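Quick mapping for you: the protein sequence lines, in order, are chains A and B. So that you can map any letter, position 765 of the first sequence is 765 in this note's numbering, and since no number is skipped, the others follow by simple counting. So that you can map any letter, position 176 of the second sequence is 1000 in this note's numbering, and since no number is skipped, the others follow by simple counting.
Just so you know, not all the hints are guaranteed correct.
As the list claims (entries may be wrong) - Simulated restraints on C-beta separations: (1) E872(B) x D145(A): 15 to 25 Å; (2) L549(A) x N996(B): 38 to 48 Å; (3) E872(B) x H604(A): 17 to 27 Å.
Note that these hints are calculated values from the structure, not bench results. In this text the structure is predicted, and so the values were computed from the model without any measurement. Backbone N, C-alpha and C define an ideal beta-carbon position, used for all residues, glycine too.
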Amino acid sequence: MSPSLLQDPEMHFGAVTFFAKEHKGETCGSNGLPLTPNSIIIYGRAQILKTIKHPNLCQYLDIIRGKHERTVIVSQYCGEQLSNFLNKGLFTILDIKRIAYQIFSGLNEIHLKKITHRCLSPENILLQENNSIKLFNYGLFHMTDNGKLVSFPIIQLIYTAPEVYLDGVSGNLSNPKVDIWSVGIILAELVLDKPLWQSLKLGQRIRKILSLVQGNTSVFERIAREHNCYEKYQDLSSDLKVIIEDCLNILPQHRPTVAEILKNPIFDKFKDVPDTNRSKICDKFEKFTIEELYHWWQLAGGEVLLELKKQGLIRSSPPILSVPKMVLIDGSILGQERNPSSLYDPRVIPMPLESLYQRFSHINTYSYYPLIHFKSEILASVEPSPYDAEKLPLVIREKDPEYQFHRIILFRRLLHGYPYTKQEIFKEAKRDIPPLLRGSIWASLLNLKSNYEQEYTVIDKETPTPTDRQIEVDIPRCHQYNELLSSGEGHKKLKRILKAWIYKNSQYVYWQGLDSLTAPFLYLNFNDEAKAFACLSSFIPKYLHNFFLKDNSAIIQEYLAKFSQLIAFYDPVLANHLQTINFIPELFAIPWFLTMFSHVFPLHKILHLWDKLLLGDSSYPLHVGLSILAQLRDTLLTSGFNECILLFSDLPEVDMEQCVNHSLESYASTPKSITARSHQNEEYEEITLSDIQSISVQQLNKEKCPRICVNDVIALIRNSPNEVIIVDIRNPLQFNRCSVKGSLNIPFSSVKFGDINIENIGTYSTVLKNQEKKIVVIVGTEDTNLELFPKYLLQCNVAKVCVLHGGFNTFLPISPTILVQNQM
Amino acid sequence: MANRTPAAQRPNGSTQGKICQFKLVLLGESAVGKSSLVLRFVKGQFHEYQESTIGAAFLTQTVCLDDTTVKFEIWDTAGQERYHSLAPMYYRGAQAAIVVYDITNQDTFGRAKTWVKELQRQANPNIVIALAGNKHDLMNKRMVEYEEAQAYAEENGLLFMETSAKTAMNVNDIFLAIAKKLPKNEQTAGPGGSGQGRRLVEGDTGAKTAGNCCK
Ligand SMILES: Nc1nc2c(ncn2[C@@H]2O[C@H](COP(=O)(O)OP(=O)(O)O)[C@@H](O)[C@H]2O)c(=O)[nH]1
Ligand SMILES: [Mg+2]
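Model the full assembly from the supplied sequences, consistent with the hints where possible.
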């Protein structure tokens, strides 16, 4: 049955909770900004823990901030505490050696990452059904900045090394050798099969440890004697005994490092066959991961805080009880009861998974192995989608556990095959992108290379530059409502990425807004700075080519001119109104395009917008701009200049899904040459030939309607003749000699441009009037005025007017078949 | 947000009160608190994490001076030097400017002086310029002496105040002082003149049309 796939004994998680230290008195830092709450600093510091994956370590899954500086840590939690197995004669010496080996392996992994456990104890060591070991809670000391961010000491009584006590319990001794001591004590307990000094009170136990400092015989031996286990000590084979005695050296510098211990031959038999043969390019494939299980659990209604409340770990006490008796003018507080819950509570609450199992019980085993490649298109098209949610709104799909199950299973397979699966990823991303895998999916849509990490590592991100000041004042103003980006880690990372980008792209400079542009990538790849950088580095050339030149005015001017033309093309009424009140895109659209909207929308909206942006080219943002205007259309049409500009100074709520759909529609139905620019990056866009892009900005600004290139016109005539009207404005003589089949002749000279009335153009006015569907292509010659007539149509509110670039003669060499003689 | 514009356009009861509209621009180095000053003045708020300004932002606020209602059309500009090329578009035709520096940062004061020079050379010759030394609440980190700035302001005929967008100190006052100093002898059209923005646009000779109110 299928649930068995989910019900893996190691796929369980639990939560612990504690309070971060509150800032007392002073609330402002030296820069005048409020001090970052310690819980946010912890939140930022703990993120990196989520990346640590090792068979002997419980994986960190989530960090949640509750009220009043509460921090909740969610982590893999499976098996049983080692302390439960003591005193039962359960372990042979071989077992103990294996356990020792696995503890050291786990420790080695964190020590390599410069993380000290500092609260190792048999409670924090979990024995699995298959007899392997996982360390738990190893990140507490690191995430609290060596204990500085919490008000309780991070110690484990007898397992804590004596130098920690001598340093003062509030000290933050972080020498990894303290962990070696702890393992020594734990191994001694295992060998002697006895919890040590159990009958003593807490304070006495600490005193016991300190008393060990005196005397120069073996600590292990003294412990054994004290617990009446001298024989066990004596009988112990010397190899293990030596290790324990080494670990229990009083002087930290005499204790071996984990790496040294692991070299000991007694562990050789536990070492895996070295997997040197495994390909480096390809990570091991897993059907799904514990992060994903946690994600589905949450979508299926799992709530960590709720579970903690149910189990009594979070208790709400009436607020009146926490009111201080006296507050001094300097802000210090007197007579406030110390809340016992502000102390460390070691309890771990396992999260119940039954309801998730239930919810997913009907999912077939083969849903875990979706078919990706079909030999036959026909087969592919009849394959039903595993869970039909397509018609639901995006926000609902993202919250639907089952839908996300299928999407994630599918995408993780596709991502595993990247770059060979690029096309499939693109195709699936068109539907939607599962939020959990968004970072990786974006990276593949941006064609990230596998060596991105090396590239980032070698870039100088530290040397001070004159730009630093600007970056430093911008970062604390960049999406600070977001916990990741407002944490100290977030600030540091953002600064490094920005500096790296500027260093790497010496032809460009830092423009305010680059910070906002980087934010989504950092947010999605918080634990992989290099990837965030690589994403930014491939995003900019594609969508913002040359926007960050020191003098970018030509690029921006052209972009804005194209934007104006696009508005005129789709919404002449609005365009005319904005023109009348002189409301030009320069006044409001620069932050839109320069930051691809990342400066104007909150992160969650940017993510949905960029999900689609990444599937399009650099003209897509123009359509996004258009659809924002469309949403505000009614207000704009009834407003004057001041009201309009006010509206944009503080952009009202924009319905992102509607905006995205609207922009995708116009993007798809707009011939490419309409939005072609001379400054677009040729590498990314197939240019529909001709020199349509070589028009100067001055010229562009004069032309109210966009140009279209001959290929696009011919494609329209051939593929969708009912969606195009060709208006030939040459004189009747020329028209009769040769013209496009079915085109209308409205000689330029026959129109009185004086007053704005569509009837003035004669008999064809009814055809042009009141139509919105068809593209109206104005065809003239080099010497007919190609500005006046389209402008006139625009003023008469005729939609979708464009001008054939190069005039009638461009048809001749390319496509004589659509031309006829004597049409009149 | 059009309705944010205060209803004070009809001054309390009196129908014969004058209504004047002035264009005011804020200039100064990035992060000195330009946007914060405007936010304080217009909405009475302060955001610690005020977003940076790209391009420019536009807001309006009305103040009452005796029998005159003064409506400020405020352009808050981007501080970064790079956006400098956009600045003339905003100060052209402005009747008033507030040049802001941060009293905890000497460089920003230097930058403020450059702005003053540029305005004196390029802007409307009758422009009223005020110098604001912002972040007064961070006094213990002061790097620009009050006297120094005061002397400079006097030399150049500028209004001068130290302000704090955070505590609201002198924020309304500086706008009021500007309002007082602006010439209001000739009354014009009145509120709701859509199309006022025209003066902003290049090609429209800003300086000429700009003065058509209150001159
Ligand atoms: N302490 C203090 N901080 C301020 C004051 N005014 C602005 N700030 C802060 O300074 C930073 C920059 O302000 P902002 O208004 O964005 O500056 P702008 O770039 O000149 O518009 C923000 O973090 C503000 O919170 C002030 O009067 N006192
Ligand atoms: Mg600003």
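Hint check:
1. Checked against the given bound of 15 to 25 Å, the beta carbons of E872(B) and D145(A), roughly 23 Å apart, stay inside it.
2. Under the hint 38 to 48 Å, the C-beta atoms of L549(A) and N996(B), about 41 Å apart, fit the expected range.
3. Range check, E872(B) to H604(A): about 22 Å between beta-carbon atoms, so the 17 to 27 Å window is met.
The structure agrees with every numbered hint stated previously.
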